[in-house]
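Could you build all of it, start to finish, from the sequences and the hints given here?
Sequence order for the protein chains is A and B.
The numbering used here numbers the first residue of the first sequence as 1 and each following residue consecutively.
The numbering used here numbers the first residue of the second sequence as 1001 and each following residue consecutively.
Think of the hints as simulated: they come from the structure by calculation, not from any bench.
These numbers were taken from a predicted model, which means no experiment stands behind them.
We put the beta carbon where it would ideally sit given N, CA and C, even for glycine.
Among the hints, a few may not be true.
Derived contacts from chain A toward chain B, CB cut-off under 10 Å, selection only [what the hints assert, rightly or not]:
no., residue
1, S165
2, T194
3, F195
4, L220
5, P226
6, L455
So these bits of chain A aren't anywhere near chain B, every CB distance computed over 10 Å [claimed, not checked]:
no., residue
7, D5
8, M371
9, S374
10, I400
11, G414
12, L445
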Amino acid sequence: MSFLDSLAAGLSLVGNIEAFLALFIGVVIGVIGGAIPGMSATMAVALTLPFTFAMQPITGILLLLGVYKGGIFGGSIPAILIKTPGTPASSATILDGYPLAERGEAGRALGMALWASCTADVISNLALILFAGWLASFALSFGPPEFFTLILFSLTIIAGVSGDSLLRGALSALLGLLLATIGLDLVYGTNRFTFGDPNMMGGLNFIAVLIGLFAIPEILAMVWHPTAHVGKTRSLGKNWVSFADYRRSFKSIVRGSFIGVFLGSIPGIGAAPSAFLSYSEARRTSKNRENFGKGEIEGVAASEAGNNGVAGATLIPLLALGVPGDVITAIIIGAFMIHGLQPGPMMFILNVDIIYGLFIGLIVSSLFLFMVGSVAIRGFKYVADLPRRILIPAVLVLCIYGVFAVNNNIFDVGVMFAMGWVGFVMMRYRVPPAPFLIAFILGPLLEDNFRQAMLMSGSDPTILIRGPITWFFWAMTVVTIVAIVRAGVGAFRRGPGRGRAPEA
Amino acid sequence: MTERQVQLRLGVGAIAMALFLAAIAIPNWVSSPSNVGNIVLSPLFWPYVLAGFAGLTGLGLVIAGLREAAQDPAPETDDHAHGPAWRRLAGMAVFMLLTMYALPRLGMVLTTMLLFAATAFLVRTRHPVTAVICALLVPLVLYGFFAHVAGVAIPQGEVIRLP
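The following block contains the structure:
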């Protein structure tokens, strides 16, 4: 199928009002969800997921992608206005966004955040379109040993960069891998930790685990400390972003976008490190570097470009390899599976219309983001005024309906509650939940591919180093482990409490 | 909680979990056919590997915790972590248990209405009337969507039956 044929197939799939409406609504939900402190883009995507069950696959996935895109931008609104990042990725935006808001230039900062976000979003989407197909065609030659080494490499990165402590990230990933072993053994069909309960034989429901890990702990945190969310909202002020501001920051925006694309395409790194790296590069190269941290508009542009540049690029490993790039794409992979689709290289052959439909939707999403974002900036006051002590019980009820709807099973609601308490304990002990969830998804794939490789080779482990692709991933895994261990040893030598990686 | 306490508690917990898995959970709750030719293909292999890594990670956390200075200041103030906070948390646990008990008996709509109201009052809402109105409306709207749009068979219970 030629490129134009694929494009036409994609257009025929999404060229209807329903698909674009879903995308638009998704962006609106995402911006609102991201703008509510404590809600986060991740929770917004997780809570929207159950509503996609009744939709066509492409419509449902576009809805979720809209929430994702909107959520990443939405997080910058409270970061600038109330110094509380709506998503971890917006933490860097606070550095210059809030000082601008204090000077009465919040509208200017938010305008620049929107322009930088949309520019980075377009660049990231183009990177996805250019590279995903190429990577998928390369990945078609992957067999179980190659996939095993790829997933192992992904897990190493995820555990290493997803928190302020490598060991806590590793523990979180191990817990996720352990939880993924529950159910019938994939080769022999024997029971593993099922306790004879038929509900456990298929393994724990992914949606129940993810909503339990990401939504319920927020509810429990609210119960624990009901007034933690109270903050003071700054006014927008009279100054708005100008084209001169945009032109002055353009270099930092493009650089930040490429940093986001590069880091986003590596599974597990996520938007926060990208935003901080983009910010520090902008500060290093800017003529106004002494103004950074005191309310420099270029700082806002660089941070936002860094975190939005990730949004399209995280879909590269998802679509091309079937490996989620971050937590939100891990949730989106669940949506694919619920609709009977398996992301990965074969999808570029079997469901090319869906792939190109998504590409078209993603390009349009940047436009929708600009439209919705412009309104959201002015409407944030109303979102900020939503009483969170009413919102949180509503989220709890929505979680119950959403989790039940997956399998029509009350047992799943119990799993969600149980995972919620696990997530709350992890939150209290500052164990990052992202490695847990990603490992929970990748665990069965890792084990499956390992055992398939062993079956193929008659248990000869040399099959795991059978060719250049496996050598490459082993080398990358070793390099990552060495880098992480060196960083850990360095921090150990410098003394406790120093040298920690920034929070993802 | 200080960084040292966090690391030590997590480390001890991870080691305890690894020992529990290796000594009790895996031998008793993971079954394997007797004719498995190679250990790496056994259903037991992967859980044992993970238990081993969990133990090693726990050991690492304990060492890192011991390395932390005992007088480390708490990285976050926990002023609100007093009796009422624990009571609210225990109350939420009870609500969740009651929800699991009530879902098949009262139905999802009625149960979630009660849960909504109870949670709103547990977190001391400043808008009690709005909370009660939302407690009635939100579950009904969600029922309408999931039962009539998504085609999900929402449990009706024995008290009221909705169309």
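Right, here's what the structure says about each hint:
no.	hint	result
1	S165	holds, 8 Å
2	T194	holds, 8 Å
3	F195	holds, 7 Å
4	L220	holds, 6 Å
5	P226	holds, 4 Å
6	L455	holds, 7 Å
7	D5	holds, 34 Å
8	M371	holds, 26 Å
9	S374	holds, 29 Å
10	I400	violated, 6 Å
11	G414	violated, 5 Å
12	L445	holds, 12 Å
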